[in-house]
Amino acid sequence: MWLSFRTVPKYGISIVLVLEDFTPVLLHSHPLFSWLAKTTSNLFVHQGHSTFCTSPDGTIIFLLSVDKEDLVPERAAKVVGALFMHLNSYRHCAFFVSFLGEALHPDVLKAIGLAILLRDWNITTYRTSRCEPERFFCQNFLLIHPEAGTCGKSFQDHRRLARAINWSRDLMNAPSNLLSPKKFIQLLLGLKNIGIVVEVLDQRQLAQKGFRALLWEAQFTQTAPYVVILTWKGKKKGSPLDQRPLAFVGRGASLYSKKKMGEMKMDRAGASVICGILANLALRKSSAHVVGVVALVENIPSKSLKDLDNKVISLSGHTIEVLSTNTDGCLTLADALWYTQNRFNPTAMIDLATLTDTIGEVLGAEYAGLFSNCDGLADQLLSAGNKVDEKLWRLPIVKSFDPVWSDDHTATQTITYQNDGFEAYAAAQFLHRFVNKTPWAHIDISCVTFFNQDTPRASKGGRAFGLRALDLWIKNYEKNTSLFNSLFSEMKL
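Just so it is clear: in the sequence shown, position 443 is 443 by full-length UniProt numbering, and no numbers are missing.
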């Protein structure tokens, strides 16, 4: 879809945001706006509802009633996205969005533009016939603003972000038989073309380095495991961000019941989001030094699956007792987190994973669970999430969960999953064992990463939750590197 900014509309179907009690102030000389000024006074549109009319030249105009409180970036984007869900019968059209009454703030218009690009994404790669799409499809979309040229130039970062998010969605929605670990790596090697350093550790190298917990899990599958390290070194040499990187670790796994086997591909959601983050940083030439560590281990058991109650020594030297087949995400992340902090000594380390469905029993499908050993880091992530409507809710990591993990024979043991509703806390406490004094956060995205129906924000499928929030968090550090100081002092580094 082509999206552009213009000062006046020239053709197509119009979506006009109007206040229920507005007094028109015409900013354009286009005849359409003059006609609207005379007509809309006779049309009553209830708050939050829409209606449509036809201008003398045949242009279809949707009038969407909004409140003044909706004229902020994220709320306006959600309002327009919701209208898109009801435009299925209008295909191959050109739309333009404007606000009758006064000019929208450029930030609001850019947020609407980003929402349009994200909402336009849908899965068509695997169709075998060229049938008419069932959902709304738009070839052109025009955003109307008196300062169209300025808006268009400043919108380029939003275009890059949309590109990265939609690519991340493609990764997480791909069928598992078409995106094995090897094929995943082939796609990631393509990131070299935009300046990202890609390093691949194969099974032999993982064994040499001591990834025993990860390899224990991999021995029950028919596909060899890999760890891929993506590095964006930043463009401003000598800055504090170049000295110690920000680190992201991804891989979540959980063996679902029969009814949810089709959703197992969402286990790669954490890895897909991290790949999208790195791609976006390279596309916008970020100054931040960022490392992404992605552990690729299939979670489909083969005939070699052995009995439980095995003990394995992890990369950290902790002994882990395996008491459940539903622990592969924890085992994989345990080695990946330890490796990342020891090799890169990051300023902050964040992992995203789909570890436990029980997080949804606590937070539902609107909030992701946030666990952290650093109050400053948690506050920064909560703030970034709220600003882009990717909401996080902080949950505790407390020593009272430790008895779940210790016994007379081992230093550490994995999740038993015997207490319903407890697993999300226990998983976070387990991962905390493999983090030293590095400022760290674990984001459980199990119940926010996939939707079975269209939403104002995205089409059905995986939606790359967390990418926008983490990108904003990185931007905050690019603007003010002193934000690191509070993390250092809190962790006494």
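Be aware that one or more of the hints could be misleading.
[What the hints assert, rightly or not] Here are the simulated lysine-lysine pairs, DSSO-like style, with alpha carbons at most 30 angstroms apart:
| hint | residue 1 | residue 2 |
| --- | --- | --- |
| 1 | Lys387 | Lys233 |
| 2 | Lys311 | Lys153 |
| 3 | Lys153 | Lys391 |
| 4 | Lys233 | Lys479 |
Derived from the structure by calculation, the hints contain no laboratory data.
- [ ] Taking the numbered hints from earlier one at a time, note which ones the structure violates and give those numbers from smallest to largest.
- [x] Violated: hint 2 alone.
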